[in-house]
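Model the full structure from these sequences, guided by the hints.
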Amino acid sequence: MAERRQHVFADRDLSMSRERRTIPLMRERSAAAKDCPLAPPAHASVYARTLHRACLVLGGVEQLAKHLEVTDADLRRWLGGEEQPPERVFLAAVEIVLLHAGGQGRAN
Numbered sequence: 167m168a169e170r171r172q173h174v175f176a177d178r179d180l181s182m183s184r185e186r187r188t189i190p191l192m193r194e195r196s197a198a199a200k201d202c203p204l205a206p207p208a209h210a211s212v213y214a215r216t217l218h219r220a221c222l223v224l225g226g227v228e229q230l231a232k233h234l235e236v237t238d239a240d241l242r243r244w245l246g247g248e249e250q251p252p253e254r255v256f257l258a259a260v261e262i263v264l265l266h267a268g269g270q271g272r273a274n
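In this note's numbering, the protein residues as written are 167 to 274.
In short, the hints are calculated from the structure, not lab data. Note that the coordinates shown come from a computational prediction; the quantities given were computed from them, not determined experimentally. Be careful, since some hints might not be right.
[Said to hold, decoys possible] Taking lysine to aspartate or glutamate and the DMTMM-like style, the derived pairs with C-alpha atoms no more than 20 angstroms apart in a straight line are: (1) K200 <-> D240; (2) K200 <-> E228; (3) K232 <-> D201; (4) K232 <-> E261; (5) K232 <-> E253; (6) K200 <-> D238.
[To be verified] Beta-carbon label-pair distances, calculated as ranges: (7) P206 <-> V260: 18 to 24 angstroms; (8) G268 <-> A239: 27 to 33 angstroms; (9) G269 <-> H209: 29 to 35 angstroms.
For each residue, glycine too, the CB sits at the ideal point set by N, CA and C.
Structural data, given as structure tokens:
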């Protein structure tokens with residue numbers, strides 16, 4: 167029974183390995199992935215992971231910083247999990263991710 171239960175939950179794995187912390191459709195776009203730093207596991211908060219996904223969606227740190235109206239330096243600190251972003255920045259990143267996941271394409 168435990169084996170079946172493990173199989174049932176295999177597709178619901180919530181662990182955040184490096185591979186799972188990127189949007190599958192964006193993995194092929196290595197230029198964006200190279201320009202979107204991934205926080206080390208010890209600092210991979212929901213804030214850092216959401217900003218990382220938004221960075222991948224928009225194509226890089228520069229594009230995301232411009233969209234969020236923040237400096238590259240601040241954004242890189244938040245992406246690295248060094249600091250928590252302001253609530254407005256986090257919610258804007260959530261919106262980018264949700265619009266992309268909802269099939270709306272690139273957020274405006």
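Structure-based check of all given hints:
1. A C-alpha spacing of about 18 angstroms is found between K200 and D240, which places the hinted pair at or below 20 angstroms, so the restraint holds.
2. Of the pairs offered as hints, the one joining K200 and E228 holds, with about 12 angstroms between alpha carbons and a cut-off of 20 angstroms not exceeded.
3. This hinted pair checks out: K232 and D201 have alpha carbons roughly 14 angstroms apart, not beyond 20 angstroms.
4. Between K232 and E261 the CA atoms are separated by roughly 15 angstroms; this keeps the pair inside 20 angstroms, and the hint holds.
5. Restraint check: the Cα-Cα separation between K232 and E253 comes to about 17 angstroms, which is no more than 20 angstroms; the hinted pair holds.
6. Pair hint K200 plus D238 holds up; C-alpha atoms about 15 angstroms apart against a cutoff of 20 angstroms.
7. For P206 paired with V260, a C-beta distance near 22 angstroms keeps the hint of 18 to 24 angstroms intact.
8. Restraint check, G268 to A239: a C-beta distance of roughly 31 angstroms satisfies the suggested window 27 to 33 angstroms.
9. Hint check: G269 to H209, Cβ distance near 31 angstroms, so the stated range 29 to 35 angstroms holds.
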